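Novice: Protein sequence lines, in the order shown, are assigned to chains A, B, C and D. Numbers in this note's numbering are just positions in the first sequence, counted from 1, shifted up by 3. Numbers in this note's numbering are just positions in the second sequence, counted from 1, shifted up by 3. Numbers in this note's numbering are just positions in the third sequence, counted from 1, shifted up by 3. Numbers in this note's numbering are just positions in the fourth sequence, counted from 1, shifted up by 3.
Some hints could be false.
Since copy identity is lost for identical chains, a pair holds within one copy or between any two.
To be verified - With a straight-line Cα cutoff of 20 angstroms, these simulated SDA-like cross-link-like pairs (lysine to any residue) come out: (1) K171 / A301; (2) K70 / I40; (3) K34 / E23; (4) K171 / E13; (5) K171 / I137; (6) K34 / A247; (7) K34 / A19; (8) K171 / Q152.
Calculated directly from the structure, the hints in this document are not laboratory data. Given the structure is predicted, the values throughout are model-derived calculations rather than measurements.
Number of protein chains: 4
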Amino acid sequence: MTMTPEQQAEIDEQRAAPRETLRTVSEGMEKHLYSAIPVLDHGFVRVIDYMGDDAAICQAARVSYGKGTKSVQNDEGLIRYLMRHWHSTPFEMCEVKLHVKLPVFVARQWIRHRTANVNEYSARYSILDREFYIPAREALAAQSSVNNQGRGEGLTDEEAARVLDILKGDAARCYDHYEEMISGDGQAGLARELARMNLPANIYTQWYWKVDLHNLMHFLRLRADAHAQYEIRVYADAICQVVADWVPFAWKAFEDYRMGAVTFSAQMVACLRRMLAGEEVTAENSGMSAREWREFEAALRG
Amino acid sequence: MTMTPEQQAEIDEQRAAPRETLRTVSEGMEKHLYSAIPVLDHGFVRVIDYMGDDAAICQAARVSYGKGTKSVQNDEGLIRYLMRHWHSTPFEMCEVKLHVKLPVFVARQWIRHRTANVNEYSARYSILDREFYIPAREALAAQSSVNNQGRGEGLTDEEAARVLDILKGDAARCYDHYEEMISGDGQAGLARELARMNLPANIYTQWYWKVDLHNLMHFLRLRADAHAQYEIRVYADAICQVVADWVPFAWKAFEDYRMGAVTFSAQMVACLRRMLAGEEVTAENSGMSAREWREFEAALRG
Amino acid sequence: MTMTPEQQAEIDEQRAAPRETLRTVSEGMEKHLYSAIPVLDHGFVRVIDYMGDDAAICQAARVSYGKGTKSVQNDEGLIRYLMRHWHSTPFEMCEVKLHVKLPVFVARQWIRHRTANVNEYSARYSILDREFYIPAREALAAQSSVNNQGRGEGLTDEEAARVLDILKGDAARCYDHYEEMISGDGQAGLARELARMNLPANIYTQWYWKVDLHNLMHFLRLRADAHAQYEIRVYADAICQVVADWVPFAWKAFEDYRMGAVTFSAQMVACLRRMLAGEEVTAENSGMSAREWREFEAALRG
Amino acid sequence: MTMTPEQQAEIDEQRAAPRETLRTVSEGMEKHLYSAIPVLDHGFVRVIDYMGDDAAICQAARVSYGKGTKSVQNDEGLIRYLMRHWHSTPFEMCEVKLHVKLPVFVARQWIRHRTANVNEYSARYSILDREFYIPAREALAAQSSVNNQGRGEGLTDEEAARVLDILKGDAARCYDHYEEMISGDGQAGLARELARMNLPANIYTQWYWKVDLHNLMHFLRLRADAHAQYEIRVYADAICQVVADWVPFAWKAFEDYRMGAVTFSAQMVACLRRMLAGEEVTAENSGMSAREWREFEAALRG
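Just chain A, same shape as in the assembly (with noise of 0.2 angstroms):
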């Protein structure tokens, strides 16, 4: 990441000014409050503003006039509870805005989660920076020979040279075509609407991203999932150091039950039942189809 010691001084500045408010303050968000945690080369993710904490979560479900908070272990079996039971409304009732930084092609993988807020940085107004995601070495893999959708082995020292050579030289030529059309020497230059259209999407944009709670951990069970493209991975697992530090027993619930928790679908769960009981159970007779089996024993195993 490369932060301006412009935006470095105007961080610092917000952060050297706490002002007194009555509202429900989370010691561990105020201290993520601002700074960048960096992500892939030139990527960020910044705490702008947040809304609530793990008591917050417990008021809304009690809906008290109060803090609504009872003794803290109460209040840590209640929100387990409600994580358990899929009671997802009072989760809803906690808020964080972030400022990310982020490739154009993660960007469009993250705006698929509808419910949220967004401000893009425009490029039919602005001039985007030349900045591009070009990946590290050892992030440069081949198609998955398994699964149509993901990566498999490494790159050959050689096949990867000929890649970042090609990424590094196309940006760098687009980019300065792009400079080129909108500069128009003489005249006004090529509206940046259209400009932008010579962009590959590795560039980098921004965005300022507003979610709820209930919504920002959907987003992290799929994103920092092993299934999810390890680019919009990083940005979700540098999110969850921050709700870790933000409502820790939300955290610790969503942990337990949704990101290292296990479904079995009706199927399993019967062979489930017959393994516990002493029987043995095979691909054959599990009812299942093969490659259910294969998850399914994937599951076991951990």
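Got chain A sorted already, so can you dock chains B, C and D onto it with the hints?
Specialist: Using the frame of chain A, we list chains B, C and D on its own:
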């Protein structure tokens, strides 16, 4: 509104303990936090939490690193521009959480606004209080003879007395029976989730309601409007006061471009142009239906 | 359910006039169109319109020009894969519109599912019918002693008789008064929007409810579940029949991977692995709370 | 638009086989089904499915058992009333599913409309076609000197030729490199999810997009507007034709009360009243900013 001493003590305690935060603070909103604005005979609106202020709208619109605001004049101009040109996403960057006590029939209208987060007091889990909305004498009105879904003239004293007697009597009797059913001498009592079906729609319920500023203003435009039912309009009016103190620039723009604005149809605009050119335009030569013409005349009269 | 001869005639007329279309047709759904499935004493569910079928799910998942389906076996496999791996968007490509008649307290739970379109019969504009939900004898149960928001044992005959007397008596009296208030001898009568506040929550209302298949299945998972209140569960059960006929592959996948599936927490999965390895796992050495352990044992028992 | 013979054959096959249905049928929409309306150089809009028609809007507004429509005149009047008074839910009762082929930079604007269902062609799973949007000569324009996010004057021939050379050259080179990276002589080839990052934003993608009529009209109001970027406006214009044939009454009301309507601010309405009373109103005595006054004058001029 009947606030118990215990509830008032909880509110006082919350207001007594300011804490430090690095977040944006709206002074106008801090003064509202936790205090209850009375609405109808037992209802209220209380601000529980908020995120953002006028500056946060500008900051998001500019996707900035720092505060993102410029001069006060620039910020107000930007907010007015955004409102006038239907740029809704920057307004979504502010959020508010309210605790509302309201009659069930008002809650049923309110909940139709879907883009919000809600936790309602559960009548499956808890016992509802004996609190019913009984309209003030001057709120009682006859069915409108011109508008199929509104009120017309006030009731005579005799008629009003009869209505109030009915409402009070039925509320008291239904609640007595509710209590009898759930108490059940010598046994567990009828399940609460069943017993509640005996309660009329003027019983009070409570909820936590969280919404972003854009969707809140949409709610206010519809519900603080003269066509809205009086009993929801008074809640909307109370929230209008809160918003005016929270985000004064956005509120002023909202008043000018939404609440006080008038949308003229294509036909109406054509007539306006003819009128300004000195032509005599009448219902007959206007190209509008009788009803549209009446609405047009009313809009011009104000 | 009391369907008037006029209503039945309208339904018969709609079913009598097939027309030609180029759209996808689900034969299983055509047979349901307009017919009312009775629910509770006066309620029903009627299919008014639908869009898509199993093939449409595959077509969207493949973003195809033509029908987008391959062999029947391939299609079923794809649908099961999508369901298993939480690919929700293809299921959003099917849509259904229902006409539902239901008690108000059920409507209040139902409306919490926000991702749907609703038009409810307006009690500001129209007069509600004299129809109330009076539970069948066997549906009356005491408050559960173990679950704070559920039902426990059935009532004694005497207790049940007392409850039914109350419910019938209060419904009748409240409705009589509603009629008296709105009729108002010699004047316009109390505005309907006010008079309705006297009606208890077991009065029936009606609405058109339109929802996509993904969100419908989410609704069914929560509301056809054993923890849902009986009075909404019977509506969910009725809709389950409809979905099974409409999109049989999706329905089977939904049964296997959602309704019949079990989600085990991280701790539960760890215990499962130990048990399958032959270890004796007890509540004490499980790392779970007492409540979680009970839920774990229940899940394994089935 | 380049439609392959295979694709055309698939479309012809779909249009050749009408089936019987009991559902509402819109004749105006049946004629559009599956046929592609060309947009830009390679894009299109195709209607894949629809639900409802003008009568369905009235039926839902009336929550009726039968067809719910009365005389044609009544129905049109009701639809105009609903539109004029912002009753949006009846319009949500119609739904349409489109297959759209569009450049990525257009898709990025389009997706910001969140209340819709989308399945996009996956560039993780599949290989994108070599198809890029290259603007027609007359669509090339300079950055506007008055509007920061729009186009101004056309380019000179020389400038236009230079721009087209750049766009064509970079698209071809980037695509060549994309192919080289994923083919990878003698190995699996770079993962598709990585290789796609080299493709510029004028490459075409495709999706299935499903939306209700209310939200579609909101999309059209913003995107068929003169301020929208030309490249998305032509898609909105194509969809306008479809809607006009599908629901002619709703379309006419939409034209009169939304597209052709003008919203005047509180200040503008006050000025209008003064002008109609014969007063001379100028920028100076109007109480508006210079910018608002210009917009007011423009609205009155038409």
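Novice: Work down the list of hints and note, for each, if the structure agrees.
Specialist: Hints, one by one, checked against the model:
In this assembly of identical chains, the alpha carbons of K171 and A301 never lie at most 20 angstroms apart, being 39 angstroms within a copy and 48 angstroms across copies at closest. Taking the closest pair of Cα atoms, K70 and I40 come within 20 angstroms of each other only across two copies (18 angstroms); inside a single copy the shortest separation is 32 angstroms, beyond that limit. With identical chains, the CA atoms of K34 and E23 are at most 20 angstroms apart both within one copy (16 angstroms) and between copies (12 angstroms). Neither within a single protomer nor between protomers do K171 and E13 lie at most 20 angstroms apart by alpha-carbon distance, with minima of 31 angstroms and 41 angstroms respectively.
For a Cα distance limit of 20 angstroms, the shortest separation of K171 from I137 inside one copy, 7 angstroms, qualifies, whereas the shortest one across copies, 24 angstroms, does not. Taking the closest pair of Cα atoms, K34 and A247 come within 20 angstroms of each other only inside a single copy of the chain (13 angstroms); across copies the shortest separation is 31 angstroms, beyond that limit. In the homo-oligomer, the alpha carbons of K34 and A19 lie at most 20 angstroms apart inside one protomer (12 angstroms), although the nearest pairing across protomers, at 24 angstroms, exceeds that limit. Proximity of K171 and Q152 under a CA criterion of 20 angstroms is satisfied in neither setting, with 24 angstroms inside one chain copy and 29 angstroms between copies.
Hints 1, 4, 8, counting from the list given before, are not met by this structure.
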